[in-house]
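Participant: Using the sequences and the hints given, assemble the complete structure.
For reference, the chains in residue letters:
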Amino acid sequence: MSDTLEAVRETLPMPLVQLSMQQAINRALGEILDADDRALVFGEDVGVLGGVFRVTDGLQARFGAHRVFDTPLAESGILGTAIGLAMAGFHPIPEVQFDGFAYPAVNQIITQLARMNYRSRGTLPMPVTLRVPSFGGIRAPEHHGESLESLFAHVPGLKVVSPSSPQQAYHLLKHAASMPDPVIFMEPKARYWNKAGVNLADNVVGAGSASLEGSVVVRPGKHATLIAWGAMVSRCLQVAELAAEDGIELEVLDLRWLKPIDEAALAASVSRTRRAIVVHEGPHTAGLGAEVAALVSQSCFDVLRAPVERVTGFDVPYPSGDLEDEYIPNIDRILFGVQRVLEYRRG
Amino acid sequence: MSDTLEAVRETLPMPLVQLSMQQAINRALGEILDADDRALVFGEDVGVLGGVFRVTDGLQARFGAHRVFDTPLAESGILGTAIGLAMAGFHPIPEVQFDGFAYPAVNQIITQLARMNYRSRGTLPMPVTLRVPSFGGIRAPEHHGESLESLFAHVPGLKVVSPSSPQQAYHLLKHAASMPDPVIFMEPKARYWNKAGVNLADNVVGAGSASLEGSVVVRPGKHATLIAWGAMVSRCLQVAELAAEDGIELEVLDLRWLKPIDEAALAASVSRTRRAIVVHEGPHTAGLGAEVAALVSQSCFDVLRAPVERVTGFDVPYPSGDLEDEYIPNIDRILFGVQRVLEYRRG
Amino acid sequence: MAPRALAATLDTLPPPVSQLLEADASAPDPAQLRDLYRMLSNVRQLDRDAVAWQRQGLIPGYAPMLGQEAAQVGAGAAVDKNRDFVFPTYREMGVAYTLGVNMVEYMSTHKAIWHGGLYDPVATHFAPFQAVVGGSVLHAVGWAHGQTLNGPGASVYAGLGVGLAFLGDGASSQGDVHEAMNFAAIVKAPVVFFVQNNGWAISVPTEQQVAGGSVAARAAGYGMPAVRVDGNDVLAVLAATQRAVAHSRAGLGPVVVEAMTYRRGPHSTSDDPGRYRTLDDEKIGGGEDPLSRFRKVLSARGVADAAFFAGVDAEAQQHADDIRDGVVALCSRPGSEMFDFVFQETTPTLGAQARQWREESEHV
Amino acid sequence: MAPRALAATLDTLPPPVSQLLEADASAPDPAQLRDLYRMLSNVRQLDRDAVAWQRQGLIPGYAPMLGQEAAQVGAGAAVDKNRDFVFPTYREMGVAYTLGVNMVEYMSTHKAIWHGGLYDPVATHFAPFQAVVGGSVLHAVGWAHGQTLNGPGASVYAGLGVGLAFLGDGASSQGDVHEAMNFAAIVKAPVVFFVQNNGWAISVPTEQQVAGGSVAARAAGYGMPAVRVDGNDVLAVLAATQRAVAHSRAGLGPVVVEAMTYRRGPHSTSDDPGRYRTLDDEKIGGGEDPLSRFRKVLSARGVADAAFFAGVDAEAQQHADDIRDGVVALCSRPGSEMFDFVFQETTPTLGAQARQWREESEHV
Ligand SMILES: Cc1ncc(C[n+]2csc(CCOP(=O)(O)OP(=O)(O)O)c2C)c(N)n1
Ligand SMILES: Cc1ncc(C[n+]2csc(CCOP(=O)(O)OP(=O)(O)O)c2C)c(N)n1
Ligand SMILES: [Mg+2]
Ligand SMILES: [Mg+2]
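Note that the protein sequences, when read in sequence, are chains A, B, C and D.
When we follow the working numbering, the leftmost residue of the first sequence carries the number 1, and every step to the right adds one.
When we follow the working numbering, the leftmost residue of the second sequence carries the number 1001, and every step to the right adds one.
When we follow the working numbering, the leftmost residue of the third sequence carries the number 2001, and every step to the right adds one.
When we follow the working numbering, the leftmost residue of the fourth sequence carries the number 3001, and every step to the right adds one.
If you're looking for bench data, these hints aren't it; they were derived computationally from the structure.
Possibly wrong hints are sitting among the right ones.
Some chain D residues judged to face chain B by a derived CB distance under 10 Å, without partners named [claimed, not checked]:
| # | residue |
| --- | --- |
| 1 | Ala-3002 |
| 2 | Leu-3058 |
| 3 | Gly-3061 |
| 4 | Gly-3135 |
| 5 | Glu-3315 |
| 6 | Gln-3353 |
Computed from a predicted structure; not experimentally measured.
C-beta atoms are modelled at their ideal positions from N, C-alpha and C, and glycine is treated no differently.
Facilitator: Next comes the structure, spelled out in structure tokens:
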């Protein structure tokens, strides 16, 4: 396959292009479909319409309705048929239209997709990349703003990743689609429309990281580490900017892979800063922040100067648009968390 | 309703009776159905058969097929109709036959059951007690040995409880069924058949605790706290017994309520022992142990003498019976965890 | 392509149980006929205005029901508000209106104030606004089975309360809908599955959605009767729904009603139908406007004239304006309500979170 | 109550596409007939023995298929092992046998060695043992749609590979089965939904499970043909399945085959049918034993005699004994395999867990 990719690459425009995340993902999907004729894109409204977020725009026209197709309105069906297609040797890249509509597919995801490789003793791999427009922040109707990473990360057999920028999205999706295991690809829909420069060359992802695995430090700092993913990364960068005005240097770690978690990167960063705040949109209890806090509390036990703070959504159903800003960690709440870890004194 | 309960109580046999957990739950269900004529018990095979574990044995004969009934084989349907029945003023006590078959119902549980009270601004309460025979240890087929507490505990709007003894099971189920909110009642099926004395009088639950809320210290100790729930409680008691032979006094805390978590009891115990090991069957990453470890690491930051240990299932699909003992935390693995916290020295 | 409303009819509903039908299905008298038009006109106006409100920035989004007025008003008018219960989706504005739901409270969900809407579902017999496609269909079955369990004696009327589950052609693909129909047919729950087959699920046409072409046709497989009806003919919808309700009310079990209609507008205000259908498609698929059709019927029967229509339409504009004022005046709910309605009995953890939220958010 | 096998037949499968049928459905010749009996006898023996193994403590549990031999062997014999693919439940031992799956490897799941069994699903065209009721039905649809996408050119034969989804009457209640049938019918996937309606889902009789009484009858609602067949008549099942497979193979889309049979044994070795049915029920519901029925057919046709049957049955006993030896010899898999098969490409976290497991468990 890499030969084909080589060929494709030569026809690509110059490396740095300005793309929104939605465009970056669209471009990545096009390249994947181009390079791998077993790749299929399907889901609700991904064909003629090009997806409710236009992420699959133009793909059906380009690759045909046999490779990019609309399914009936049934998420369990989408995942179940994806599994069957993988058994038939295809590389399905299904979409679930919104985070909150992945729940009907949870049974197929957990009992089938995540287990088929195991159950079959490796004879039936599941190279399925499930795209899920995720997280909140767009004043959408109910169930259109949810964070399922904790649910997915708990499931043995799944890998979970969430890009925070167009650059990440483009490269991580291509990487995920090349993997022989199921990957849940959580797209932060609040960031779909923000443009940024994307380097289309391979292996140029993240600030200084040459790897598509693991986490990335997106801003170095020394007083505390903000750990985030998805849309919370840019919010944490804003917080770091503000804090810098007061002389506080916050490191921002984009966790990126939510399963497996890059434990080494977490430990390395917090060993340096000795203080950590994990930030996420999903509810607090049993959120992925608990896992991060537990890992950091263990690996940095000797050096931590304050308990790991968790600034998260509350243990309430994701609220309606009007209350969204009260629910999602906002700059103030994150700053309060920073303040708590900085001012912590042993009792 | 308490008048009716008063009357029922007078007809009960003498307080202390020997019951298995399966019998204790059966008895509690009978009393609930007796006292509350809006209570309904339904699910797959709960009627004529009396449940695959005989937990509902005799209830259909006693209360009629309109109050104790078999449903078609459809878990989403079971939960969805339970929600509708609750909207019609009933108190449904549905059963999902096994943990791993709750997944098809996850959409109804998360997007509907857990949210209806919120969505309706408190006008449509959901007094639904969902019984789920849970956890592993019985050498059963696939999907019959899983731990869904982390998934459930993360969902805003659900309460989650797991009894560890017949005594707990009897009282907690009656308590849960009297609550106006949805409760997931996770029955440790590996403990269904162990008999123990049950005090049928109200408010006599747990070692010394008069309350049905929160956690219970089931064995006091001073060198470290073992935190567990369900079938792992008795295993931790065994561990404590063994450790005591070496002069190590382990406290065992039965977490009991998995949502809300009794943060005060956790903090109180570990503040005393200054070391903690949390033990559960479910997979490690994003398991409920992460939440417990994060909470303890925060509340006991100043006094903790070692990182909180998590002795859990691995991040692998629940294995077949033959490998079950390799997967579920066994006495040795728990003892290794204890050893790690006791021997920990700051680096 | 022919107008969808003219799709082959199907009617397997046995002849009505006369006694019970009387209450439910006496043919509408002139006053009732005029009332139906009044409702159609109000609903049409409010729907059009809501789209405008979105363009004006008053509400962030809306799901128009243009073209489905007859289906919704006809169905809603067959409901007994005292004992039946409606389980809507996100597009049943017309049913809500017909049931007398306060429309400002209803519209609050589109203003992103509260997901379920601010109306009281218990008082209105109209379940909370539901965004999960197919999500509430099983609730209708459970609720309806509850009426059977209560027994007819629980009501002062003869017959059972009936649950009305609203669903679309797209929703019919969901597993839950199958589970609901099977459950209902097994226990003979008094529930009417009211399908608005409006030709589209966002961009996907019914032909690519409903294998076999008809949701009503599936009823036979469950041993359930069904009626497929011209969903743009308000009287036909009313009559079919009344018959279905009467059947269920009599304890004879569930019924599927499939109203063949057409979603004339976009899926929602953020949709762009031009991407998946032409204006010609819309014209042909939609057929004659349900309101103008009904105006002709009323005129032909001599029940109403142009002056009546003009008066009603003007009144409808006034109502819509009043509702707009109410929607403008709608304030955000206090953030504390995020915590207040999670449980009937809150928990210590949630209490602590609410306190922290208050400290960090309210006083900043 | 009449024997279930005699339930009204239903046949909406159009006349066979002759050319393709030839490969699939030439009427069995005497050798093939004797082979069918051989398979029935082997399956019967192995099934009975497996129950005994459980009583003896050799395996912790087993789900007997007693009474369903004709349904399973008949269906299995219609499969082309080179291009079709079977998606079983937990009770398709007879299909596995017919397909030539190594029975020791198959039985390993009942010995609690490995959930999916030790056989290679890719080599055998028999998907892993599946405990989720209805869980694999959608996989069959996806796999079958993949055959359409591959195109007939991908095969050296004329026609498509066909997916065979096995499901029970109980499974038919699951939402996934509806989603599967709808998907399949929309895309005309070459899939045969083979329903063994054996009267029971554990303790729940079909009458309380399948509204309308027949899974095959639901096919019409999806615009799909169906055949309901006497599931205890191996030749009838074979013929029906062959016709269904030929239909799908020709690109004409999915088919439902409903084999009316009876679960003569308990649901599993831990079940106690005495709690929910009488011995009389069993006798009447089961009708005549499928094996003795087939023996009569073979005798009447002069294809086999008592000596043949005795020989085959003795051979079957020998095979079952050999398999027993294999099952006895089956060793536990090393615990490290828990970690080895989670992913194709393992992760650092999992690697660390495997190391810790090894340190704490292997060396104790
Ligand atoms: C379970 C679920 N999946 C996907 C969606 C996204 N979605 C919202 S409406 C819709 C189409 C629904 O079509 P239909 O049931 O025909 O109703 P209509 O919109 O035509 O009224 C989709 C796919 C959803 N809300 N819920
Ligand atoms: C999703 C799911 N729910 C519940 C169960 C428990 N269970 C196992 S078999 C069975 C009955 C299945 O009946 P049917 O589909 O008719 O197949 P049969 O057992 O008769 O072969 C049940 C309820 C399960 N395995 N999977
Ligand atoms: Mg529609
Ligand atoms: Mg069965």
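Participant: Work down the list of hints and note, for each, if the structure agrees.
Facilitator: Taking the hints in turn, this is what the structure says about them:
1. Ala-3002: 22 Å, violated
2. Leu-3058: Not OK, violated: D:Leu-3058 not within 10 Å of chain B, min 13 Å.
3. Gly-3061: Status holds, d = 7 Å.
4. Gly-3135: D:Gly-3135 check passes; min Cβ-Cβ to chain B is 9 Å, inside 10 Å.
5. Glu-3315: 31 Å, violated
6. Gln-3353: Constraint on D:Gln-3353 satisfied, holds at 5 Å.
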